[in-house]
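Listed here are the chains, written in short residue letters.
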Amino acid sequence: MSEIRSRKKFNAGEFTLGVHSWLTYIFLYLPMAILVIFSFNKARINAVWTGFTFEWYKVLFNDTALAGALVNSLIVAFISTAIATVIGTLTAIAMYRYKFPGKGLFDSVLYMPIIVPDIVMGISLLSFYVFIRFTLGLVSIIIAHVAFNISFVALVVRARLHGYNKTLDEAAMDLGANPFQTFMKVTLPLILPGVVSAALIAFTLSFDDYLITSFVAGIGSTTLPIKVYSMMKFGVTPEINALSTLILFISMILILISQRLGA
Amino acid sequence: MLTNIKEGKLLKKNIVQIKDVVKRFGNVLALDHVSLEIPSGEFFSILGPSGCGKTTLLRLIAGFEIPDSGEIFLEDKMINSTPPYRRNVNTVFQNYALFPHMNIYDNVAFGLKLKGIGRAEIKERVMRSLDLVGLSGMGDRKPRQLSGGQQQRVALSRALVNEPPVLLLDEPLGALDLKLRRQMQVELKSLQKRLGITFIYVTHDQEEALTMSDRIAIMQTGKIEQMDIPPQIYERPRTEFVANFIGISNLFSGNLRNGNGKIYTLTTSDGFEIKATGEGIRPERNATVMVRPEKIQITPGEPKNMSHNINILQGKIEDMIYLGNVIQFIVKLKEQKLIVLEKNYDKTFEFKPDQDVFVSWDIYSTFVLSERVENERLFAQV
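Going down the list, the protein sequences come from chains L and U. If you count by my numbering, then the first sequence holds residues 1 to 263, one letter each, in order. If you count by my numbering, then the second sequence holds residues 1001 to 1382, one letter each, in order.
Same shape as in the complex, but just chain L (with noise of 0.2 Å):
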């Protein structure tokens, strides 16, 4: 009797936590289930739900301002992830290796532009293309991007590095490896998870990014997210639920991705 009860004794503690993350859990996706419920909705108002269509996607692959504006983000993302993944990882390693005067410095202002309000990097980033009469456009985007995803970079590859072991790398050396075998043959392909997950949410940044390009974007370099902030003024369509449903996707896709290569 006694054995049956403590084995069924109601434990507060788990029973709480548990609704408790059940509730964060609805607290964070209900919006966006909602919104890739009603993109496959007939009517046109986010409102009712009057049957399911997948009107939305077709006329979301067959508008070409749209696809003008998805390749624009597609070439920033892809160009800004490349140089920001090099240069951050770089970084990444110059810190991991080396002690030099001011490195504590460094360390904290690298990862500033995580800390600073993106509309400050925006407003920053904008005074100083005017004060040098660099012409807007998507060159401009692209370093604005490379600009913040240095940092995440950067982060994100030094935590993978504070694990690594440098004998591996005076091993190499011992056996006739010159520095740039060394780093080629065993230091990269030990960090090459932390790189890729790096390079991936340093992508996904980039795509999803709309305050820091909207500063930065000029005539005709018009990313993704700023054509869906200026299609928004006419109303959130079914159209738009079906691109953020894709964008939601692919995000998620990423993120899983970069998740999996970091542990």
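No lab work stands behind these hints: they were computed from the structure. All residues carry an ideal CB built from backbone N, CA and C; glycine is no exception. Each hint should be verified, as a subset may be incorrect.
Computed beta-carbon distance windows for the label pairs [said to hold, decoys possible]:
#1 U:Gly1118 with L:Tyr96: 33 to 41 Å
#2 L:Leu90 with U:Val1022: 28 to 36 Å
#3 U:Asp1140 with L:Lys103: 38 to 46 Å
Got chain L sorted already, so can you dock chain U onto it with the hints?
The following block gives chain U in isolation, referenced to the frame of chain L:
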């Protein structure tokens, strides 16, 4: 006889020479004017407690550190600032440092591939090298699939496959359990003899150094305290530090007088007179003499052989510790305690704690230790 062996070794050509090397890390003096010469084919051990500078010395030879002053020669070439990848030495690291993303074959082949050697030759040499350490057929495995002892062998194979004239080993057996360590000691030693490669072996394990080495350098606080063949290190430690670091020692301190020639007399603070041998030692000063516990005989009555060449002291057994093949006695003299090791023969059991006994030993087993190395340096500068 001992000196003969030493001289025989010295006839060989020196492959590594270190001349007056100094290395600092910030305020810490890791190596303090270290000089040594290692003949080709020697098994040379660097022994010392942690932080004595032994690993720094090895890293200087490997090229991972650059000396602040002094010179390092490898095969008669000055290599002070030659990067590690251009030095003809290879290292077996303390924690093996195997490349975790490569299998065993690729780990071992790493050095050969960088040298641009042909595929077939690489394969042949890697196989031979794995065979040498008893790991043939393990080439496809990843390092993490191997036991500690096997990883150790891979590290050895990865270094040896390059056929370096000098192999550096940084406490290579430190992470292995005692039994495996003993077994690997024997294997390493026979491998070294067979290949004729010079081994420079860093360890903090005195037994390991004594059993494997042709010569040992004992280091403390960045200096070499003594450099000698193992029997000489044990039988004639030059300093108090060496006497205490290698084996067990009984030390007596007191005032030293010169008797006749090489025989000195030390008077301890509790009034014992102990005769000891020494060479070129300044008398009329405070000094320390030492005797090993196994050189001392313990007898119930006064020893009959009253030769002048024997130190005889009176004391009382304070403790007896049974160690199997030997019995360890703690004999209390007036103030000092003496450790005596007696072979386990039946009569040993007749002794009892608190019994009054005589301890005696040959004066040639007692000798005067040098003053600290610092003092010597100080005097040399004056």
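Range hint compliance [Cβ, Asp1140 of chain U to Lys103 of chain L, 38 to 46 Å]: Check passed, 42 Å falls within 38 to 46 Å.
Falls inside 28 to 36 Å, the C-beta gap from Leu90 of chain L to Val1022 of chain U? With Cβ atoms ~34 Å apart, the hint holds.
Kindly confirm whether 33 to 41 Å is satisfied by the beta carbon distance between Gly1118 of chain U and Tyr96 of chain L. holds (37 Å)
Comparing the model with each earlier hint shows no violations; every hint is respected.
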